[in-house]
Amino acid sequence: MDFLKRIALPGLLLLAPAGLWLSAQEPAFGGRGGGEKGIGAAITGAKEDPAAFDRGAKLYTTNCAGCHGATGRGGPGAPDLIRSLLVLDDEKGILIAPVLRDGRPDAGMPKPGLSEPQIADLVAWLHVQTYAAGHRSTYAFLDVLTGDKKKGESYFNGAGKCNTCHSPTGDLKGIGARYDGFALQGRWLQPRGGRGGRGGGAAASNKSTVTVTVTPTSGKAISGTLDRVDDFSVSLRDSEGLYHSFTRDGATPKVEIHDPLKMHTDMLSKYTDADIHNVTAYLVTLK
Amino acid sequence: MRSFLILLTLGAVQAFGQGLTPAEILKQPTDSWPTYNGDYSGRRYSTLKEINAANVHTLSLSWATRFGAGGGRGGPGPAAGVQIKSTPLMVNGILYFTSPNNVWAADARTGRELWHYQYPPNTGSTIGNRGVGMYGNWLYFETPDSNLVSLDARTGKERWKVSIADPKLDYTSTVAPVIVGNHVIVGIGGDHLDNPGFVQSRDPENGALQWKWWTTPRKGEPGIETWPDEYASSHGTGQAWIPGTYDPELNLYIVGTGNPNPVMAEKSRKGDNLYTCSIVAINPDTGKLAWYFQPSPHDTHDWDAVETPILFDGVINGEKRKLVAQASRNGYFFVLDRATGKRLVGEPFIDTVNWAKGYDAKGQPIPDPKKFPTTDGVLVSPSSNGATNWQAPSFNPDTGLFYVGTSRSYSMYYLTDVDDHPQGWGGLDSGAGSDGNALLAIDYKTGKVSWRHEWPSGGGITNNLSTAGNLLFTSNGQNLIAFRASDGKILWHSSLMAAPSAGPITYTLDGKQHLLVAAGDSLYSFTVNQPVR
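Protein chains in written order, with my numbering: chain A, 1008 to 1294; chain B, 10 to 542.
Errors might be hidden in some of the hints.
[As the list claims (entries may be wrong)] In silico DSS-like pairs for lysine-lysine, Cα to Cα no more than 25 angstroms straight-line:
| id | chain 1 | residue 1 | chain 2 | residue 2 |
| --- | --- | --- | --- | --- |
| 1 | B | K177 | A | K1044 |
| 2 | B | K331 | A | K1261 |
| 3 | B | K454 | B | K498 |
| 4 | A | K1277 | B | K498 |
| 5 | B | K177 | A | K1156 |
| 6 | A | K1044 | B | K366 |
| 7 | B | K379 | A | K1054 |
| 8 | A | K1227 | A | K1277 |
| 9 | B | K366 | B | K457 |
| 10 | A | K1099 | B | K177 |
Calculated from the structure, these hints are not laboratory results.
Every value quoted in this text rests on a predicted model; they were computed, and no experiment measured them.
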């Protein structure tokens, strides 16, 4: 699978400044790290009353779960309620309430014998369930700390070459206290953030600033922080904060880009999934 | 009786005099751009060469116009936020194009708006709209809440609308309808609630349903054995959300289908999950499946195989064949025999793909179960956004090259729904970076990359158009760029006020070749100016 040899552009890295990636992607799931996840987010999103949802959950367990399954996704002899067209089409219980009032004797569903407020609570619970399934922004990540921290430490100091730039007592000191496992795993894999952004202070530190040196055919080289680059121009700010821009025409002027985080991208083709989980398990111990 | 029939036919021609007949599309006209892809083949290739590699450096702007959704003529209204992701049609000097809930007509000579149709506010997703289909004087447009609307192209007035799916089930419609004979073929999107996918054909006169082909089989139908049961299959989704292509000789409509559901949680849908993530050939008169090829059996990464299946004739291993080629979102390029669906060429087009363990007997990649999403995450390339995506590829018969925008992206894929009956997406991916984005020119005979252009700063996957003038038009960031099609040398560019957001098109108007592109809320028209005579 290595038939695509990258064209070797001298010193020109292919890792984009984060902003350039993000604007180009289709939106997938917003608010990463910024908001509530899981059922709480679904209750908010579905605009239901949390107390009604809680009462509905208890009522569901008592009255419905025996046939429709613990999570409403179908059980022995009774259908999935979350994929039910009636539930999905429902607004304010107009369709659901009659079924809960009268049952469906012809389909084997007895009359549940619920009060009107109880029916309203069950409607709230059902609406939250369908909202939760249908909205990725509410999905909660589960436990990522499945790795072996000892193996992670060995990898950090060995094949992973993490210790060539990082130190558990230096720049990474206390990192395990600053991020949960999921955030930490995402952040160490790609400190500049991937699609969808990343919570927990994603702004890269000065140490990860992309720099560029531009050498015109005549005149001296100018270096600084990369502002932007494409095939037709490159711009930078020098150490004084002054802005410089150059027209590009093929290899002229010479443009050398240095990304201190390039190693993070280069390593993506080398990690095994176990390496990733092990390193995360190790880093989370650096309290 | 015979003369009566002839009279009827003449009458029909006169009635459609200003419009477009399906027969005209078959002629591959160069003085119009009558379909989403310009013709039925999907090549996005024009035989025009007035603009060519020798003079493209003089290509200059003839007009640019902004279009607003705020109503009325002139500049955009408040909070318009128009994104033209539709490929415009150009017929008889008039451009027809869309954004979600909006259709416009504009004079191709001046860019002046002729009419603006606005669909009422609704709760459907406004992620994008690929454009209109045209039949006679009628336009066909899909709305975010899944109605098919027909407009009078001369006035922008609504003729009728029919519902093609229930928006409460998370269907959303972005597809540019494809007109084949007297069929308006529509597809649909939306994959959050495990809703069944389909392709429908509608009557151009009144929108009545002609046929509906479910993208996943029902009880007793071939392919049902690739699902645990009919329940899983009928909730298996597989939305065909990009317009397909059409071979008039074989009378086959060829279209790609999207991912199976639940998207990333595969526990409840063991098997290949036909006909999701597939290239399928359907008889447009009957809606019956003729053949399929599945680029991603049992997909768990949202890699819709909807990317335009391009039709062309070529020579493979010394044999002349009718072909269909797709650069699929999963990172693999395929060339098939389009009469049978038999795979002739298959190669990954990005070197980072890490999710397959060889090919099955049909030449389809075998997914590696170790790369199915897990609660603690697996690192997979490409990301769910894909090695490529909906953006139009182009095939140029002069160079024999297939042009496509690509990304060597990685994501961590996480399982979030561990229920025995997972639902919806059931997981998420989290971007882990990219090894770069590149424009590739792939040799269809081998699947090998003939030339490539690495974008210095990512910039996303973009749309393509190639011409007999040895040109390839594409974009990167806000730059509209012309490459020499044969070897990838950049010949011209222009930086627009927004990133080009749909495929560039070309046509002659008053005997002169034009290049037109949509970028954000604007259209830009370019021509080569001739020396003063």
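So, going through the hints one by one against the coordinates:
1. Between B:K177 and A:K1044 the CA atoms are separated by roughly 23 angstroms; this keeps the pair inside 25 angstroms, and the hint holds.
2. Taking the CA atoms of B:K331 and A:K1261, the gap is near 46 angstroms; set against the 25 angstroms cutoff, the hint is violated.
3. Between the alpha carbons of B:K454 and B:K498 the distance comes to roughly 22 angstroms, so the proposed pair stays at or under 25 angstroms and holds.
4. For the proposed pair A:K1277 and B:K498, the alpha carbon gap of about 33 angstroms is over 25 angstroms, so the pair is violated.
5. Distance check on the hinted pair: B:K177 and A:K1156 sit about 46 angstroms apart at the alpha-carbon level, beyond 25 angstroms; violated.
6. Simply put, A:K1044 and B:K366 have alpha-carbon atoms about 35 angstroms apart, too far for the 25 angstroms limit, and the pair is violated.
7. Straight-line distance between C-alpha atoms of B:K379 and A:K1054 comes to about 39 angstroms, which puts the hinted pair past the 25 angstroms bound.
8. Restraint check: the Cα-Cα separation between A:K1227 and A:K1277 comes to about 39 angstroms, which exceeds 25 angstroms; the hinted pair is violated.
9. With a CA separation close to 20 angstroms, the supplied pair B:K366 and B:K457 stays within the 25 angstroms bound.
10. With a CA separation close to 14 angstroms, the supplied pair A:K1099 and B:K177 stays within the 25 angstroms bound.
Hints 2, 4, 5, 6, 7 and 8 from the list above are not met by this structure, while the remaining hints are.
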